[in-house]
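S.K.: The chain contents come next:
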Amino acid sequence: MKSLAIVVREDGYDKLLTPLAFAYLQGAEGTQVDLLFVNWAVKALTEEGAKGQVIQGSHADQDGWVRQQVEKAGLPPDIYDVIQALKSTGNVNFYACSLAASIFGVNEDNLVPEASGIVGASWFLNEKASQAEHCQYF
Amino acid sequence: MSDIKADSKLDTSGKCCPMPIVDLNMAMKKINSGEVLEVIATDPGTLTDIPSWCQRTGHTLMESEQGDGVMQFYVKKS
Chain H
50 MKSLAIVVRE DGYDKLLTPL AFAYLQGAEG TQVDLLFVNW AVKALTEEGA KGQVIQGSHA
110 DQDGWVRQQV EKAGLPPDIY DVIQALKSTG NVNFYACSLA ASIFGVNEDN LVPEASGIVG
170 ASWFLNEKAS QAEHCQYF
Chain V
58 MSDIKADSKL DTSGKCCPMP IVDLNMAMKK INSGEVLEVI ATDPGTLTDI PSWCQRTGHT
118 LMESEQGDGV MQFYVKKS
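Residue numbers (my numbering), protein chains in the order written: chain H, 50 to 187; chain V, 58 to 135.
Careful, some of the hints might be misleading.
Subject to a maximum C-alpha distance of 20 Å in a straight line, what follows is the list of computed SDA-like cross-link-like pairs (lysine to any residue) [what the hints assert, rightly or not]:
1. K51(H) / K86(V)
2. K121(H) / K87(V)
3. K72(V) / V119(H)
4. K87(V) / G79(H)
5. K87(V) / N140(H)
Derived contacts from chain V toward chain H, CB cut-off under 8 Å, selection only [as the list claims (entries may be wrong)]:
6. S70
7. G71
8. K72
9. C73
10. C74
11. P75
12. M76
13. I78
14. L118
In silico negatives: residues of chain H with every beta carbon more than 10 Å from chain V [stated by the list, open to error]:
15. R58
16. N142
17. D158
Since the hints were derived computationally from the structure, they do not count as laboratory data.
Backbone N, C-alpha and C fix where the C-beta goes; we use that ideal spot for every residue, glycine too.
Produce the entire structure from the sequences given, and follow the hints as far as they go.
M.R.: Okay, structure coming up:
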């Protein structure tokens, strides 16, 4: 695969793990990976938001256990550390949706340096998603 | 026990997807063309992931073995 575009909508520690793990796999292999964070998930592109990700709902009481399992599997247990690891592959780009950024309080000042910027959804869909060999929505 | 002599070894024991493949990509960058990397894994996903990875990347899976929950792969760099 040469390119992969991923749209991440769901936030929460466990819900972010799968798209990030897929991006890590492909980024490590040399695939160009572009992720757009929309809705609540955009907050994961701030350091405070990434560190604040927890498991919600009926599995909330298993947050600590899941983090231990994640660490055992070899991934950093903190979402921001995972984002940094993905960035270090040199093949993964993180984008914040401008609408989501506006609604959920993400701006150039609190966006993590690993993110490539706040972009319009139209640009991402036309320049990244439609050009990518494969596209996923989480 | 394989007769293949590996030039280097990557032990991913205990790690699960995506880490064995992430680590394999990194390890392969560190060895030279023609050299063999021995990969130890305990994630059953590697049984499908590593042969498929070799096919995609053009490296040669010379041999694989498994027993007692441990998988061994010998990958020659193209």
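S.K.: Against this structure, judge whether each hint is valid.
M.R.: Verification of the supplied hints:
| no. | hint | verdict |
| --- | --- | --- |
| 1 | K51(H) / K86(V) | holds, 18 Å |
| 2 | K121(H) / K87(V) | violated, 25 Å |
| 3 | K72(V) / V119(H) | holds, 9 Å |
| 4 | K87(V) / G79(H) | holds, 15 Å |
| 5 | K87(V) / N140(H) | holds, 18 Å |
| 6 | S70 | violated, 10 Å |
| 7 | G71 | holds, 6 Å |
| 8 | K72 | holds, 4 Å |
| 9 | C73 | holds, 4 Å |
| 10 | C74 | holds, 7 Å |
| 11 | P75 | holds, 4 Å |
| 12 | M76 | holds, 3 Å |
| 13 | I78 | holds, 6 Å |
| 14 | L118 | violated, 16 Å |
| 15 | R58 | holds, 21 Å |
| 16 | N142 | holds, 18 Å |
| 17 | D158 | holds, 32 Å |
Of the numbered hints given earlier, the model fails hints 2, 6, 14; all others are met.
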